[in-house]
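S.K.: Could you build all of it, start to finish, from the sequences and the hints given here?
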Amino acid sequence: MYQSMSEIKKQQRIINRKIKKLMELHEEQCLQCADGDSELMEDLKSQIYYLNRKLKKLLEIQERHNQYWPNDDDQKQHDSKSEEKKDHEDKKEHKEEETKLELESSSKTESSPKMESSSKSESNPNMESCLKAESSSKSESSSEMDSCSKIELSTKPELELKPVPDIALKPAIELKDEEYNGDGHPHDHSHNHSHDHPKPEPPQSNHHQLFGFAYTQKGSDKGGIVKFQIAGPLHEDVSLTSKGLKVNKSGVYQINYSVALHAMVQTNIPASFELQVNDSISIAASLTQSSISGPLSISVLFSLLRGDVVELVAQLPAGVVYTSANLQILQVG
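Using the UniProt record's numbering, the first residue of the sequence shown is number 1, and each one after it goes up by one.
Treat the hints as calculated values from the structure; they're not laboratory data. Glycine included, every Cβ here is placed at the ideal spot set by N, Cα and C. Be aware that one or more of the hints could be misleading.
[Said to hold, decoys possible] Simulated restraints on C-beta separations:
#1 L103 / K45: 16 to 22 Å
#2 K222 / L301: 18 to 24 Å
#3 I298 / L234: 17 to 23 Å
#4 V265 / L301: 16 to 22 Å
#5 D237 / P295: 26 to 32 Å
#6 G219 / I298: 17 to 23 Å
#7 T267 / L301: 16 to 22 Å
[To be verified] Keeping only pairs whose Cα atoms sit at most 27 Å apart, straight-line, the calculated DSS-like set for lysine-lysine is:
#8 K20 / K92
#9 K20 / K100
#10 K45 / K9
#11 K10 / K100
#12 K21 / K57
#13 K57 / K18
#14 K222 / K95
#15 K57 / K45
#16 K218 / K249
#17 K45 / K56
#18 K57 / K95
#19 K100 / K56
#20 K45 / K100
#21 K18 / K91
#22 K45 / K10
#23 K54 / K92
#24 K56 / K9
#25 K54 / K95
#26 K95 / K18
#27 K21 / K95
#28 K222 / K249
#29 K18 / K54
#30 K18 / K100
#31 K91 / K57
#32 K56 / K10
#33 K45 / K18
#34 K243 / K227
#35 K92 / K21
#36 K92 / K57
#37 K54 / K91
M.R.: Here it is in structure tokens:
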């Protein structure tokens with residue numbers, strides 16, 4: 001809850017007047033030094049103590065107010081306009097409080113010369129008033145703390161929303177042929193530029209990269225080098241031989257193969273397929289094995305030299321055949 005500086009100052013003046021009046025009563029009681037007035041003295045001390053606590057809380061609120069609203073010009077103008085009205089109300093409240101305090105002091109001073117029994121019997125309402133004052137002061141302090149926390153929460157700076165630039169709202173069709181500078185805004189083509197902006201070159205085509213594909217539709221139950229009958233498509237530097245695909249250019253190639261395996265009988269010996277180069281170099285990463293029916297396939301990278309022949313070698317146990325074997329190579333580097 002927002003509290004203006006005039007309200008805080010008003011509460012401070014009221015508390016200061018109460019403390020001053022209670023201190024005067026305290027001095028009078030100290031001068032009298034009556035035995036029956038010990039409870040009255042304690043009551044005055046407790047009231048002064050809680051008023052001082054309330055004054056301290058108000059000072060903390062004032063410091064927070066100055067911290068969060070150092071340039072609150074509108075509030076100052078409003079406070080200056082209502083200052084006379086609030087001063088008049090303060091004077092009225094001050095007079096009423098003085099009359100109440102005088103009545104209380106007169107009633108308490110008259111009851112002091114009575115007998116000890118009557119003072120003891122009258123001490124109960126004094127204790128109740130002290131407890132009430134304590135509870136009221138605690139409730140006031142808790143309400144003030146809540147108001148302080150609300151003030152702190154309300155004064156947190158809000159995040160500023162930055163406007164979205166117009167460039168982000170244009171459709172892609174309008175932005176296709178526009179050129180942009182470094183700050184994200186399109187160039188004004190109405191002005192003549194002394195220099196031309198360099199345009200990026202398109203990526204190079206892959207027509208020079210080698211590729212080849214070969215396959216067979218026939219099945220076989222014999223091991224050894226797989227014979228491919230059909231080739232295509234093939235690059236002009238790739239040719240099909242009786243053993244496999246031959247490349248006429250050195251480079252790094254991606255080599256793929258796949259076969260369909262059919263086990264006619266149950267066997268514990270797996271069938272295996274592996275790539276090799278020139279009848280002598282085995283590509284260990286290309287090995288696949290299986291003892292049940294199903295497809296087998298793999299893809300590996302391997303460096304080939306000019307004139308190398310890529311071959312697919314099968315090892316089949318009895319009762320196992322393969323069909324739909326194919327071999328593919330593609331230059332990637």
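S.K.: Below or equal to 27 Å on CA atoms is what counts here, so check K20 against K100.
M.R.: The hint holds at about 14 Å.
S.K.: Quick one: are L103 and K45 within 16 to 22 Å, going by C-beta?
M.R.: holds, 20 Å
S.K.: Are K95 and K18 close enough, with their CA atoms no more than 27 Å apart?
M.R.: holds, 12 Å
S.K.: Are K54 and K91 close enough, with their CA atoms no more than 27 Å apart?
M.R.: Distance of about 21 Å is within 27 Å: holds.
S.K.: Just to be careful, I want the Cα atoms of K54 and K92 compared with a cutoff of 27 Å; is the pair within it?
M.R.: The hint holds at about 22 Å.
S.K.: For K243 and K227, compute the direct alpha-carbon distance and say whether it is at most 27 Å.
M.R.: This hinted pair holds, its Cα atoms lying about 6 Å apart.
S.K.: Are V265 and L301 spaced within 16 to 22 Å by their CB atoms?
M.R.: violated, 36 Å
S.K.: Compare the distance between the alpha carbons of K92 and K21 with 27 Å, and conclude whether the hinted pair is satisfied.
M.R.: The given pair, whose Cα atoms are some 16 Å apart, holds under the 27 Å limit.
S.K.: Please work out if K100 and K56 have their alpha carbons no farther apart than 27 Å.
M.R.: holds, 24 Å
S.K.: For the pair supplied as a hint, K18 and K54, confirm whether the alpha-carbon distance does not exceed 27 Å.
M.R.: holds, 11 Å
S.K.: With the threshold set at 27 Å, check whether the alpha-carbon distance from K18 to K100 stays at or below it.
M.R.: Given pair K18, K100 holds - Cα atoms ~11 Å apart, limit 27 Å.
S.K.: Is the distance from the Cβ of T267 to the Cβ of L301 consistent with 16 to 22 Å?
M.R.: Given range 16 to 22 Å: violated, Cβ gap about 33 Å.
Taken one by one, the earlier hints fail for this structure at numbers 2, 4, 7, 14, 16, 28, listed in ascending order.
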